[in-house]
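**Q** Chain by chain, the residues:
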Amino acid sequence: MITNTLTIDGKTVPFHEGDTIMDAATRAGVYIPHLCHNPEFTPHGSCKLCTVKVNGRNCSACTFPAAAGQQVLNDTKELNEARRTITQMLFVEGNHFCPSCEKSGNCQLQAVGYFVNMLDNHFPHFFPHRDIDASHPDILLDRDRCIFCELCVRASRDVDGKNVFAISGRGINSRLVINSPSGTLKDTRMEATDKAAHVCPVGAIIIKRRGFEVPIGERIYDHHQISEVSLLNEMKIAGGEHG
Amino acid sequence: MPLTDAERKIVLDIVRRHGTKPTQLIQILRNVQDELRCVPDDAMDVIATALSVPRTQVQGVTEFYSFLSTEAHGGYHILVSDSISDHLLGSRELMSYLCQQLRVKPGTTRADGQVSVDYTSCTGLCDQGPAGLVNGYALSQLDRSRIDQIVELVNQGVPLNQWPRDFFTVRDNIHKKGLLLDQPIAPGSALKCSISRGFDATFDEIEKSGLRGRGGAGFQTAWKWRFCLEASAGSASPGRSNDQTAPRYVVCNADEGEPGTFKDRVLLQSYAHQVVEGMTICAAIVGARQGFIYLRGEYLYLQPHLEAVLDERRRLGLLGDSVLDRPGFDFDIEIHLGAGAYICGEESALIESLEGKRGVPRNRPPYPVTYGYLGKPTVVNNVETFAAAAQIALKGGDWFAAHGTEKSKGSKVLSICGDCERPGIYEYVFGTTVGEILRDCGARDTLGVQVGGPSGTFIAEREFGRKLAFEDLATGGSFMIFDKSRDVLEITRNFTHFFAHESCGFCTPCRVGTSLLKNELDKICAGHGTAGDLVELTNLCTLIKSTSHCGLGQTAANPVLSTLERYPELYEARLKAISFEPGFDLDGELEISRQLTGRNDANAHLQQEEA
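These protein sequences, in sequence, are chains A and B.
Just so we're aligned: 179 in my numbering is position 179 of the first sequence, and the numbers increase by one with no gaps anywhere.
Just so we're aligned: 1533 in my numbering is position 533 of the second sequence, and the numbers increase by one with no gaps anywhere.
Since the hints were made in silico from the structure, they are not lab data.
Among the hints, erroneous ones may be present.
Said to hold, decoys possible - BS3-like mimics (lysine-lysine), calculated; alpha carbons at most 25 Å apart, straight line:
id: 1; chain 1: B; residue 1: Lys1208; chain 2: A; residue 2: Lys53
id: 2; chain 1: A; residue 1: Lys162; chain 2: B; residue 2: Lys1357
id: 3; chain 1: B; residue 1: Lys1192; chain 2: B; residue 2: Lys1176
id: 4; chain 1: B; residue 1: Lys1021; chain 2: B; residue 2: Lys1357
id: 5; chain 1: A; residue 1: Lys236; chain 2: A; residue 2: Lys208
id: 6; chain 1: B; residue 1: Lys1177; chain 2: B; residue 2: Lys1357
id: 7; chain 1: B; residue 1: Lys1021; chain 2: B; residue 2: Lys1009
id: 8; chain 1: A; residue 1: Lys162; chain 2: B; residue 2: Lys1484
id: 9; chain 1: B; residue 1: Lys1021; chain 2: A; residue 2: Lys77
Claimed, not checked - If the Cβ cut is set under 7 Å, some of the chain B residues that face chain A in the computed set are:
id: 10; residue: Leu1051
id: 11; residue: Ser1052
id: 12; residue: Glu1063
id: 13; residue: Leu1068
id: 14; residue: Cys1507
id: 15; residue: Lys1545
id: 16; residue: Gly1551
Predicted, not measured: the structure shown is a model, and the values here were computed from it.
No residue lacks a Cβ here, since even glycine has one placed at the ideal position from N, Cα and C.
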């Protein structure tokens, strides 16, 4: 039941009890860029792409509770520039080589890059050394592309009930680790049908031998803005959950 | 290498000693580290199985906290404080001397496994540095002769308990006492006073006093306590307000990690009863039965002393079941040691750490007052806040509020260090000017003062009339003085390294931004900066400040912003005349090629053209 309203960029948006600003925005068809958020999972609030201004203060739309009368700014020059910078940060901290990445065209990081009009990496690259885990017969883990959204962590823990992934280390040395004595995927119970194998927004976790089933040029973001795709997928969930 | 049976037994005994509780994970890992010099892979499996937690939680925690390591430390693990206050006292030179004498490189373990050496963040002995830690225990007043002795002791394998005691002497150095320090309360006096007045009336006194949190953020203490008291029991009983049966917790934040701050160390050393009494009064008011002192790992040496104080209070009937014979007033306190993570000073990260997890700040709301330790309403206050609350409970809110300014009542205990004659502890009423403080501690030829530590503000000479107060210069207690011989950019560079090292890595702007900031400062200080870099620096700072997840990221750019604003000419003087300079040394990058080709002629070198 709709109980109240807030505004986003001047547009009146209704919200339900317990909604975050992201929930309300998505249901109303307002796209707020995001990478670590996926409405199927507990909000996380780490990528900070969904930073919006709520009554003058910056908040993460995916975790901040909606409240009556809030004035939310979303599509502003300042916020869009901040989102571009954050996207650039995500690119330079890892090793993202789109032309040789099999996720290219289906990658949300790349698509957000297009959306925020990111034309270069801007910052010096970190070129970190990160291990690839190709041990599993069906799943590849390429840590070079990990953006620490923890969607695989949440999916494996909350949906698959296997706790395969976690973040270890600290700061810029953070890394995705595997819950097995050898630290490799082959010694976990993970299967290609697990939720965790299909939630990675980038190309860090991919199913082997499927990379080029859809040719480059015919992939999702080759033809659609991430804003439309995201709303199309997530409006259903937002509506379904609360409707 | 697999664990031997004996090692496995050691690990399991430690787990058992801590009640096989996952919340004790950091305590367990600290002990394992002490016994085995590291947390071996196999020990992680043993611990994870025993505690029924995922192995990745054990690994994640081990690799998060600086004092835990997956690689073996030496039998003597020596850490030298890398705080700017220790730099001023010559810590960097001493470190190279130490390494030279021990024949070991920083960050490594000597081949014979006897000793390892590394840098660590501020150890809180800034008034008696250069300081360090050996196997976790604080070393004060290091100098060449002391280092010579340490090298001798290490090489001969003399056990720590046979080292000269004065190596470990930590002095209070209290130079000025005020409302909190002048008359420490007699154990039990504030509690008895609160009981006779009634705890509701005592809460009114706290409210009347205007006491604000002493950690730096300055939230009204009475509000925090009230929110906790009025919180419903979280998920356990939704919808019920003011449920007195729900567990509540009182936590003393003794994770004093802000470089240059050491006043909590002195409060815990010499005013521990007052601090614990403040916690006990808080517990009575909010209805908590369990308290924690989250003691930073660097203050390990204080643990036995604090345990003794807690024991004494149990004997005096001031802790435990039926405090002061009042049925139903049950409260006890457990000490929880940190393991080297500045971020755990942030209250929600501290709670995560108390729960045996990585110190990653939570999303707020909900705030700890409603959803804190194990999801229950929790008050987290600074050491000094509790010390003040005890005095207020004894002497009344009016007494306290009669001092200070309109928005900042009472007094503030400062930790003063750096370029002055008498570093140490000074207590001032709020409203005191920086100039007055500088005179008292014997500071001369002062260039500027870093008020509130790296996360605070660098103020210049023309601002010495500014006042100590939440509405002007807020500080958690750090007050670092720099004279005119010091290099502002080097100070700033040290702070950017600190934040990059301490960022937890949860959110993008702080994880990546603090490292970018560090690299930018390195580039400018190395003489490779250009005008473009200053613009870059400002933009980057603004982004990190405005989009980071918690206080660490939101303040990490302050050192750069506050010095750039006050000393643009010092930055400009370091820049090259060209409009763009690559972030690396062109000629330096060719070194490997020169070695491989055996060339060193003029054509094997490159120089950046100066336009």
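**Q** If you draw a straight line from the CA of lysine 162 of chain A to the CA of lysine 1357 of chain B, is it 25 Å or shorter?
**A** Status holds; Cα separation ~19 Å.
**Q** Decide if the proposed pair is consistent with the structure: lysine 236 of chain A and lysine 208 of chain A, CA atoms, cutoff 25 Å inclusive.
**A** Violated, at roughly 29 Å.
**Q** Would you check whether leucine 1051 of chain B satisfies its interface hint, that is, whether its CB is within less than 7 Å of any CB in chain A?
**A** Interface hint status for leucine 1051 of chain B: violated (14 Å vs cutoff 7 Å).
**Q** Does the alpha-carbon distance linking lysine 1021 of chain B and lysine 1357 of chain B stay inside the 25 Å limit?
**A** holds, 12 Å
**Q** Quickly compare the C-alpha distance for lysine 162 of chain A and lysine 1484 of chain B to 25 Å and report which way the hint goes.
**A** Measuring from Cα to Cα gives roughly 59 Å; hence the hint is violated.
**Q** Holds or violated: is the Cβ of glycine 1551 of chain B closer than 7 Å to a Cβ in chain A?
**A** Hint violated; glycine 1551 of chain B Cβ to chain A Cβ min 14 Å, cut 7 Å.
**Q** Just to be careful, I want the Cα atoms of lysine 1021 of chain B and lysine 1009 of chain B compared with a cutoff of 25 Å; is the pair within it?
**A** Cα-Cα ~17 Å, so holds.
**Q** Please verify whether lysine 1192 of chain B and lysine 1176 of chain B have alpha carbons no more than 25 Å apart.
**A** violated, 28 Å
**Q** Do the numbers back the hint for leucine 1068 of chain B, that is, is its least Cβ distance to chain A under 7 Å?
**A** With a minimum Cβ separation of about 11 Å from chain A (threshold 7 Å), the hint on leucine 1068 of chain B is violated.
**Q** Are glutamate 1063 of chain B and chain A close enough, Cβ to Cβ, to be under 7 Å, as the hint says?
**A** holds, 4 Å
**Q** Could you check if serine 1052 of chain B really has its C-beta closer than 7 Å to a C-beta on chain A?
**A** violated, 11 Å
**Q** Lysine 1177 of chain B and lysine 1357 of chain B: Cα distance at most 25 Å?
**A** violated, 38 Å
The structure does not agree with the numbered hints 1, 3, 5, 6, 8, 9, 10, 11, 13, 15 and 16 stated previously, though it agrees with the rest.
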